[in-house]
Amino acid sequence: MYRLFKCCSIFLQNSSNMSTIHYSLKMCLFCNNCHQQTSKYVHELQIRHQSSSENAATWNFTIGKKKFKRKVKKYAELKEVPDSAINSAYTTIRNLDAAYIPVSVDKLNVTLDESPKIEEKDCIKMNKSKTELTQLILKESSIDDLPGIPENGISKIQSNLVISENEDILKENILTKEEENDENELLIEELKSSGIVDETVLIKSSSLANLMYDSTKAYNVRDSAIRLEKSQEINHLEESEEKIIDKERKARESLLQKEKLKQFNKIILGYVDVCVNSNELDQVNDILYAYRKNKSNSPGYVYINDISVFNRQIEKLAAYSDLKKILHILQTLRKDNINLNAQTYVYILDCIGRMTSDHANKKDILKQIHVEMQNDRISLNDVMTKTTFVRDQRLFVDKMAKLINSEFEPRYGMIDTTYNCRLLENMTDVNNTPSSSVGELLTTKEIERRLKKQIEMEIDGQVTVRNIAKKNSTQNVNHWRHKLSNLEKTWERTAMSAFKRNLSTLRNRETFQKRASIMLYPYLSILKPDDYICIIMREVRKLGMGSEMYSLPFNSLCRHMGDQVYKMYEAKTKQTNGINDKIFEVHMKYCHWLIKRNDKLNNRLKWMTLESEGNKYGVTLGAEVPVWQANIHASIGRFLFNIIVNDLKLDANYIKKKKAYHGRGHYIPAFFKIFRHSGVMLKEEVKPHPIVSKLYRDSQPENLTFDTTLVPSLCPPRPWVSVHSGGYIVTKTDIVRVTHMGNQQWDRLINAQPKQLYPALDSLNQLGSIPWAVNTSVLDVAIKVFQNDGSVKLNVPQPPSVLAHILSVPIDADPKEKKKINKAKIELKRKKNEMYSLWCDALYRLSLANHFRNEIFWLPHNMDFRGRVYPIPPHLNHLGSDLARSMLVFALKKPLGPKGLDWLKLHTINLTGFKKRESISERLKYADKIIENILDSAENPLTGKMWWATSDEPWQTLAACMEIAKALKSSNPTHYMTGFPIHQDGSCNGLQHYAALGRDQIGAQSVNLFPSHFPQDVYSSVATMVDERRREDASNGNLIANVLEGFIKRKVIKQTIMTTVYGVTWFGAKLQIARQLKGLYILVQISS
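Sequential numbering from 1 applies to the sequence shown in my numbering.
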């Protein structure tokens, strides 16, 4: 069979087609009639296509305007609800015109049988207003929206009028008497079928229907004219739809243009700031002139409309006392309609104050400036209280304010620190003063020393810690260390030479570019060359010590290096502007308050109070360094990474030479780029040469370096008071972990009301104010196990050296044997790289814990996009693995108390997982029963019975055993001072919320929200139900169900149950189950 398809202007090979032109009439979308004959071309192709169906099909791609979906035919409903009636009386007004409703509702105090007759003149009167008629036709209006309805009439009649959109405006609608009787009978039958049996109601309804039909004859005389007006209005509606679409398009383009301008001004602000600090003022002038607001009228033209960009230039000119250029810039801003702000006048007054002219001349200038301030509605108080000052600016501005008004004194307003949430209104109304989180742990001098050291570390950008890996004091290790040290010195000299060469080349190349373009040179000259080389060498060491099988994408590495440059620039800029000294001063007062805690303020309120008081003199803390956009970070990192890839060389025979060789050699790149598949995409990576990896691995470096933001803080962190201020002392930290392209998320955070953010900020501050310490007893055991090649049983990663080597392929081996051996070698290499990555992770954690062995430290916190809080340091925190959690305790210790020892025992048993379904009393009895094993685990962790190693969480169990032993050895366990954390966790918090919201008692029982003598476990309950279903399928002959016998356990389904309430998909749930079954024999059986 063949099928004919109609389609618009398509081409198919080997198909006979004929093109025809049809003239079609423009159809009314409202009434489906032709109002005007307009021809349009419709190109159709009839294509013969083979098909097995006898029915012909048509593809009709009509070229024309977009057709709107027609609405379904609807009818109006008129309901009377009298005060004394029980039943409701219904009647249809299917054949009524819209003009009937305003006339009928004027008399609302009559019953249905007394409904007023509608005269033709009344209906014509209602149609005089074309606008009102259009509203009735085009909208589904309730009776509240119709004119002429008294307030007390709404309770009597409620009507929704919807006029049918598909009526034929040329068809007469007058019914004969017989048709009227038929309609009345149908109406009464419909009322009876709806449950209305009252005869009075039926008679009233029939009477009203007759009145309605009589009135129909009266107004159908002019029905055609009214409907003709409707059709004209619908034609206008089609045009209005096009206008709406065009308006939406223009609005969308306007929003895109605004966002484009915002991001462009951010880029320009960061670029101008760098150029100003690197004394590239000519480039600043060129860039500001090139992107003036009124220079071009093209639709997509971007221009500078942010006064902050010009303020950076004015600030630099003010430092040079160049008032003439400043006034020229102000004149340009006036022409471009860019309003000045209070910060602009700070720099103007600062410039006048630095001038060497006499006071009389300054007063004349200040009078003119004061007039301009008044025209801009900016007062002297705004200049002094709503702006930021750096270095000595406040001194000169204050003097000029006194010259303008000798009696002027700044008036600082009160800070509104309350919440914008009714649930939290009374949170700050506490009766008792909160206890200190520091107590007597540190003295004032000790805090001052720690604060200075922390600021120095953040300015430097890195922390050096001792490597705790097993040291082989053999001559071989010393030999590799010596070779690596010489190689790094050579690379450092080479990198310095290459950096200066490439920088000079870059400047010469950018000299011939347009002066208006954003150049890379200022970003690479803002710091000293040694700083850039230091960043390069850090990245070299990180690459050399990384895994051979995995590395971050090249673009990510570039952005990371650019981010390091920015952080170093930010820290040094703050140091130059005097901001770091101000932070030190305010932070010392904050630490004194933490020790005493003599008021009811929380961390954020106290910091805001101290900051407000400190901003009344000297430098203000509101001054921030403009951020650099992600593309700038990537460009800086790419420039530095090219030096690593192109200039750092290595002699191929370097590791074979016993002595230094200064002659010619076979030099190869020490680092190179590769491309790896990531799904369907190719990912560019940078890898070290195997010789470099061997050098770093065999040399066993004595020290490890970490970025400052990757290690805990030596002093209490700076409280979060806004999205820009908080976390570490000097280094800027993101409050929310978003991608580098998350501009809209950041804009929403910045534009949000501070009151809405205060609860989240206070939560972060409370978590960050807790001091921590290292559990040295557990740390010593963990380091000993780690240095002895780890342990699979104790979940301590092993080094790759524990794996057995595979013998080389014999020459006389058959192809199958060769293939098998080569495959085993590839698998061994992959396994080694995985083990090395895990080993490095444990090495970093243990090395940092050993570095803070006798220290008190703090963990600054931030959030992810969901609002979940995390410690910023990733390696050493209380949210890591079992080993990581076991090594941390609270630094501030408290007495154990009368029931503290019982809670320690309960915590120990809970960690083992042996008594999950037992009551608390039974767990305590079991703890007393095995107290000898607990004490033996504490005293002989590696040489005794090692009962702690059989636990689900062995390292945390060992830490609890040691704490119980210390408490029992004390003279009075009740007064024993402890900082050991006891876990209090919910039972599947997501299901707990669902059970509470739904008042679900069965669900509440399963998640321990309902009183019970024994703890409930929803995961085990669900596992039991799933296993019952598996038995049913197995009895029906399902092969997979038979294979899964014994494998439906709590651990397999726990993650899926937990994430069900968080929106996990079916596909994601399958992956979770497969991940839990991975490595078990069950997967082999299922796949086979």
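It should be emphasised that the hints constitute simulated quantities derived from the structure, not laboratory data.
It is possible that some hints are incorrect.
Stated by the list, open to error - With a Cα cut of at most 20 Å, we get these calculated SDA-like pairs of lysine to any residue:
| hint | residue 1 | residue 2 |
| --- | --- | --- |
| 1 | 542 | 894 |
| 2 | 732 | 754 |
| 3 | 453 | 881 |
| 4 | 894 | 866 |
| 5 | 386 | 623 |
| 6 | 600 | 760 |
| 7 | 893 | 949 |
| 8 | 606 | 852 |
| 9 | 386 | 340 |
| 10 | 386 | 424 |
| 11 | 262 | 354 |
| 12 | 916 | 1011 |
| 13 | 687 | 760 |
| 14 | 894 | 767 |
| 15 | 500 | 386 |
| 16 | 1051 | 881 |
It should be emphasised that the depicted structure is a prediction, and the values quoted were computed from it without experimental measurement.
Tell me, which hint numbers fail for this structure?
1, 3, 4, 7, 8, 10, 11, 13 and 15
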